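Asker: Here is what each chain is made of, one letter per residue.
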Amino acid sequence: MRKVAIVGAGMTAFGEHFALGIKDLLPMAFAECAASVDKGLVKADVQGAWFGAMGTADGFPSGILADSLGLPNLPVTRVENSCATGNDAVRNALFGVASGAFDVALVMGADKLRDTTSKDMLWKWEAMARDMAWDYPLGLVSPAGFALHVRRYLHESPATREHMAMVAVKNHRHGVNNPKARLRFEITLEQALEAPTIVTPFGLYDCAPQSDGAAALVLAAEDVVDRFSDRPVWIRGVGLGLDSVMHQHKPDMTTFPATTRAAKQAFAMAGMTPADVDVAEVHDFFTGIELISYEDLGFAERFGGYKLVEAEVTSVGGALPVNPSGGLKAKGHPPGATGVAQCVELFTQLRGEAASQVDGARVALAHNIGGPTAVSAVTILEGSANGAR
Amino acid sequence: MQRHQDALAAYERAFEAKTRWEAGRFASSEDLDFPPRYRVAEDGTLATNYELIPLPRTGTVYTETTVHMPVPGLRTPYSLVIVELDGVGVRALVKVTGAEPGTVEIGDRGRLALRRVALRSGVPDYGYMFEPERVAA
Numbered sequence: 001m002r003k004v005a006i007v008g009a010g011m012t013a014f015g016e017h018f019a020l021g022i023k024d025l026l027p028m029a030f031a032e033c034a035a036s037v038d039k040g041l042v043k044a045d046v047q048g049a050w051f052g053a054m055g056t057a058d059g060f061p062s063g064i065l066a067d068s069l070g071l072p073n074l075p076v077t078r079v080e081n082s083c084a085t086g087n088d089a090v091r092n093a094l095f096g097v098a099s100g101a102f103d104v105a106l107v108m109g110a111d112k113l114r115d116t117t118s119k120d121m122l123w124k125w126e127a128m129a130r131d132m133a134w135d136y137p138l139g140l141v142s143p144a145g146f147a148l149h150v151r152r153y154l155h156e157s158p159a160t161r162e163h164m165a166m167v168a169v170k171n172h173r174h175g176v177n178n179p180k181a182r183l184r185f186e187i188t189l190e191q192a193l194e195a196p197t198i199v200t201p202f203g204l205y206d207c208a209p210q211s212d213g214a215a216a217l218v219l220a221a222e223d224v225v226d227r228f229s230d231r232p233v234w235i236r237g238v239g240l241g242l243d244s245v246m247h248q249h250k251p252d253m254t255t256f257p258a259t260t261r262a263a264k265q266a267f268a269m270a271g272m273t274p275a276d277v278d279v280a281e282v283h284d285f286f287t288g289i290e291l292i293s294y295e296d297l298g299f300a301e302r303f304g305g306y307k308l309v310e311a312e313v314t315s316v317g318g319a320l321p322v323n324p325s326g327g328l329k330a331k332g333h334p335p336g337a338t339g340v341a342q343c344v345e346l347f348t349q350l351r352g353e354a355a356s357q358v359d360g361a362r363v364a365l366a367h368n369i370g371g372p373t374a375v376s377a378v379t380i381l382e383g384s385a386n387g388a389r
Numbered sequence: 390m391q392r393h394q395d396a397l398a399a400y401e402r403a404f405e406a407k408t409r410w411e412a413g414r415f416a417s418s419e420d421l422d423f424p425p426r427y428r429v430a431e432d433g434t435l436a437t438n439y440e441l442i443p444l445p446r447t448g449t450v451y452t453e454t455t456v457h458m459p460v461p462g463l464r465t466p467y468s469l470v471i472v473e474l475d476g477v478g479v480r481a482l483v484k485v486t487g488a489e490p491g492t493v494e495i496g497d498r499g500r501l502a503l504r505r506v507a508l509r510s511g512v513p514d515y516g517y518m519f520e521p522e523r524v525a526a
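Respectively, the protein sequence lines represent chains A and B. The first sequence runs 1 to 389 under my numbering. The second sequence runs 390 to 526 under my numbering.
These are computed hints drawn from the structure, not numbers from a lab. Do not take every clue at face value.
[To be verified] Pairwise CB distance ranges, derived in the manner of DEER restraints:
1. B/Ile-442 / A/Asp-67: 49 to 59 angstroms
2. A/Thr-197 / B/Tyr-515: 25 to 35 angstroms
3. B/Leu-503 / A/Asp-252: 24 to 34 angstroms
4. B/Glu-419 / A/Glu-186: 34 to 44 angstroms
5. A/Glu-353 / B/Pro-445: 55 to 65 angstroms
6. B/Ala-436 / A/Lys-43: 28 to 38 angstroms
7. A/Ser-244 / B/Asn-438: 22 to 32 angstroms
8. A/Ser-244 / B/Ile-442: 17 to 27 angstroms
9. A/Glu-190 / B/Ala-416: 53 to 63 angstroms
10. A/Glu-190 / B/Glu-494: 24 to 34 angstroms
Predicted model, so just to flag it, every value in this text is computed and none were measured. Note that CB positions come from ideal geometry on N, CA and C, so glycine has one too.
All chains, please: the whole structure from these sequences, using the hints.
Answerer: Shown next as structure tokens:
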């Protein structure tokens with residue numbers, strides 16, 4: 001397989017874009033991405049596209065992408081893999097370029113969650129995400145599925161709701177600097193702990209806000225990368241892992257096997273270990289998920305995730321900053337765009353251009369978990385300092 | 390609930406095992422599948438001839454959550470538990486009945502009781518719920 005690099009990255013702000021449809025958000029993200037390509041990009045450079053979209057706002061997603069970019073000849077494949085959609089789109093595009101089928105590929109992700117009232121939207125998606133006869137009539141909404149894991153995790157590990165609140169405080173603090181983030185304000189530990197309960201053990205500030213948004217990356221093969229940039233960001237590893245869909249079939253709910261499977265593939269492909277990672281964007285759909293994911297990704301020992309937030313290891317300024325963008329928690333979560341946007345953040349981190357820059361970041365990891373908790377995608381990136389190829 | 394209309398076929402497929410509280414078991418294995426399911430062997434052959442085996446109606450709470458957010462068509466708060474059924478290595482996700490929402494804890498014991506879980510297009514949807522042994526204070 002050929003080596004593949006990211007040479008451009010851009011995104012819209014995440015938020016409630018009532019005035020903007022998906023046909024507006026896609027060209028906005030693409031244009032910002034194209035403008036970030038050091039030596040310039042013309043639309044005709046793009047030979048194929050992978051589009052991550054969980055919903056179908058305004059119609060058939062692949063066609064909407066080609067139409068809204070004005071690229072009728074572009075072959076577009078839609079990827080839908082629950083909350084792992086974005087990084088799975090990156091993974092599929094990587095294979096398209098690494099195989100030699102294309103030299104230059106576009107990855108986009110977008111979703112428009114705020115066009116319907118959130119409770120109707122949520123319920124429509126719920127019906128697609130669980131067993132219709134056994135689970136759906138119980139009211140197993142998505143936060144409840146994650147909460148079943150976190151409740152057991154708090155029972156077995158030393159972690160407490162205070163540690164979950166520390167994740168919320170950290171990610172809100174990181175998000176303040178990010179002009180693309182939806183919730184750009186700091187919160188206190190007390191605010192997080194005293195917020196209204198959504199689904200036990202999650203309070204309001206343990207949950208990521210549903211949002212609209214789009215994100216874009218341009219991938220280029222090593223053979224042509226010099227045409228676009230002298231500072232590409234290399235995709236070193238990708239992985240996709242699955243797990244049982246029904247929660248009652250998961251023997252140990254304190255861990256996400258989907259994540260460990262995805263991470264194992266990605267690290268093996270990269271020839272790296274978790275100790276090589278300098279900065280990560282981790283799927284903090286709920287704060288407790290970030291703690292569990294520290295362990296599943298190999299950043300902490302089993303049931304040791306809480307130590308990283310206690311010691312501020314995962315804050316910007318710490319040894320392994322996690323979610324310098326603000327994460328899903330502060331940035332927002334349009335599922336198709338989320339994984340792509342993580343890579344947009346890490347592209348800027350590895351080029352030393354991020355809003356909350358992690359000093360000397362060389363290797364970065366992006367992680368999604370969804371399904372809920374039945375699919376995970378992991379992407380490992382490396383900057384090109386010292387001419388690395 | 391109108392939105393359940395499309396689910397009636399799924400409801401029908403699950404009806405036997407769900408209302409009789411039974412798991413599937415193949416002659417070649419001691420494993421219980423709940424819900425019952427087809428299996429594909431290592432050599433790719435399909436097995437469909439499971440028999441239905443009654444499940445225990447007592448168990449212990451493995452994990453719990455109480456939903457406070459508004460959910461269309463359902464009254465909140467309500468509690469969901471995953472119950473480890475006694476002695477069979479099978480867990481089930483069920484709603485809690487006979488106790489205030491939020492009062493059931495991990496490790497609590499109780500029994501599985503047949504209840505009406507939902508109304509689907511006017512059709513009652515029966516299933517089992519967890520009733521704790523003692524109602525917490």
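Asker: Any hints from earlier that this structure breaks? Give me their numbers in increasing order, please.
Answerer: 4 and 6
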